[in-house]
Amino acid sequence: MSKFKKDGGRTTPAINTSALPDIVFMLLFFFMVATKMRDREMKIRTKLPQATEVEKLEKKSRLHYIFVGPPLDETLGTSPRIQLADAFATVDDIQTYITMENAKKDEAEIPYMTTSLKADETVKMGVVSDIKQELRKVNALKLSYTAAKAAKD
Amino acid sequence: MGKRRRDIPEINAGSMADIAFLLLVFFLVTTTMDIPTGLQVAMPPISETPPESSQQKKREVLEVLVNSADLLLVEGDVMSIDKLKQKCKDHLTNEGRNPNLSSKSTKAIVSLKNDRGTSYKMYVQVYNELTAAYNEVRDEYSMRTYGKSYSELSPEREENKIKDVKAKYPKKLSEAEPVNIGVK
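Protein chains in written order, with numbering that gives the first Met the number 0: chain A, 0 to 152; chain B, 0 to 183.
So here's chain A without its partners, still in its complex pose:
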């Protein structure tokens, strides 16, 4: 009966995996190109509002970020806080922060600097208006209300 059956008949041939690194490298390059580095740690929650007329912000190097929202750490309460760079701040710190950040940039770039305001949708306009006033005082007049893109109906 087992005349035609070979000894090692059960063992399947090894799959050729020599192309696997190529596939993985392809994935790797995709992610390297399509994503950007996460450069700050968020201390507050920002659930962005939705809008249909949003525009892409051009160069990332021409952006200041200001975050407003309730703290992630619940022991700090739920009232909205401002985050500049990696730390909590108050409205009074904004002028210093923008001036400091501008000092790092090329002078020719400063008129093109946009402030990206990332605020949680539950935040009241009082805080936002205070921030806007502070920005006007340091002549940072380009502002962007960061919002997620909603589908047009």
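Among the clues, some could well be false.
As the list claims (entries may be wrong) - Cut-off 27 angstroms, straight-line C-alpha distance, at most; resulting in silico cross-link-like pairs (DSSO-like, lysine-lysine):
hint: 1; chain 1: A; residue 1: Lys35; chain 2: A; residue 2: Lys104
hint: 2; chain 1: B; residue 1: Lys56; chain 2: B; residue 2: Lys162
hint: 3; chain 1: B; residue 1: Lys120; chain 2: A; residue 2: Lys117
hint: 4; chain 1: B; residue 1: Lys170; chain 2: B; residue 2: Lys56
hint: 5; chain 1: A; residue 1: Lys55; chain 2: B; residue 2: Lys84
hint: 6; chain 1: A; residue 1: Lys58; chain 2: B; residue 2: Lys170
hint: 7; chain 1: A; residue 1: Lys35; chain 2: A; residue 2: Lys136
hint: 8; chain 1: A; residue 1: Lys141; chain 2: B; residue 2: Lys106
hint: 9; chain 1: A; residue 1: Lys55; chain 2: B; residue 2: Lys88
hint: 10; chain 1: B; residue 1: Lys167; chain 2: A; residue 2: Lys136
hint: 11; chain 1: B; residue 1: Lys167; chain 2: A; residue 2: Lys55
hint: 12; chain 1: B; residue 1: Lys147; chain 2: B; residue 2: Lys56
hint: 13; chain 1: A; residue 1: Lys117; chain 2: B; residue 2: Lys112
hint: 14; chain 1: A; residue 1: Lys58; chain 2: A; residue 2: Lys136
hint: 15; chain 1: A; residue 1: Lys117; chain 2: A; residue 2: Lys55
It should be emphasised that the hints constitute simulated quantities derived from the structure, not laboratory data.
Here the structure of chain A is known, so what remains is to put chain B in place on it, guided by the hints.
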């Protein structure tokens, strides 16, 4: 002896995939995908002189008010947000027909006032509707004159057309400093 040296031993590439996976996982963890998008606002510089809108005739200004309960008041009437865009478009394209709306598109102003208690979500929605109105009006004008929507005009080759559309419907959307209307 010389013959033996010449054939190079095969390099074991079996762990290459592992190394690549390691790199891949590193990039997956440390990067984010979102491209920042937002509603662009150009704020006026601080000045002592009263803002332009207060010197304007009343008919040129479309007053939009959002109170602390997120309710919308347009020219003194309560309005739901889905009607705001059409109202704003009517105002911009009125050209003197309706005596309550703007006399000329180049003079039309939209004034957005909010309360300190207005939620950011509502404010962004209202701002979005007003921006949408401007974009649509510009698109329609550009379509009529140049057969191409405003957003499709290329900034390099059709600079003059863009300038013309912008001059026809200048974006005069003023955000007033907030007042406390009915403090909570």
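Next pair to validate is Lys35 (chain A) with Lys136 (chain A); report whether the Cα-Cα distance is within 27 angstroms.
32 angstroms, violated
For Lys120 (chain B) and Lys117 (chain A), compute the direct alpha-carbon distance and say whether it is at most 27 angstroms.
12 angstroms, holds
Keeping to a limit of 27 angstroms between CA atoms, is the pair of Lys58 (chain A) and Lys170 (chain B) held or broken?
Measuring from Cα to Cα gives roughly 23 angstroms; hence the hint holds.
Can the restraint linking Lys170 (chain B) and Lys56 (chain B) be considered satisfied, given a maximum Cα separation of 27 angstroms?
The given pair, whose Cα atoms are some 17 angstroms apart, holds under the 27 angstroms limit.
Run the distance test for Lys147 (chain B) versus Lys56 (chain B): straight-line Cα separation, threshold 27 angstroms.
34 angstroms, violated
Is the straight-line distance between the alpha-carbon of Lys117 (chain A) and that of Lys112 (chain B) 27 angstroms or less?
Holds: Lys117 (chain A) and Lys112 (chain B) sit about 21 angstroms apart, inside 27 angstroms.
Hinted pair, alpha-carbon criterion (27 angstroms max): Lys58 (chain A), Lys136 (chain A). Please report holds or violated.
24 angstroms, holds
Take a quick look at whether Lys56 (chain B) and Lys162 (chain B) sit within 27 angstroms of each other, Cα to Cα.
26 angstroms, holds
Is the hinted pair Lys55 (chain A) and Lys84 (chain B) satisfied, with a Cα-Cα distance of at most 27 angstroms?
The hint holds at about 22 angstroms.
Has the given pair, Lys55 (chain A) with Lys88 (chain B), been kept, meaning a C-alpha gap of at most 27 angstroms?
Given pair Lys55 (chain A), Lys88 (chain B) holds - Cα atoms ~24 angstroms apart, limit 27 angstroms.
Hey, Lys117 (chain A) versus Lys55 (chain A), does the alpha-carbon distance stay inside 27 angstroms?
14 angstroms, holds
Compare the distance between the alpha carbons of Lys141 (chain A) and Lys106 (chain B) with 27 angstroms, and conclude whether the hinted pair is satisfied.
23 angstroms, holds
Figure legend: structure checked against the earlier numbered hints; hints not met, in rising order: 7, 10 and 12.
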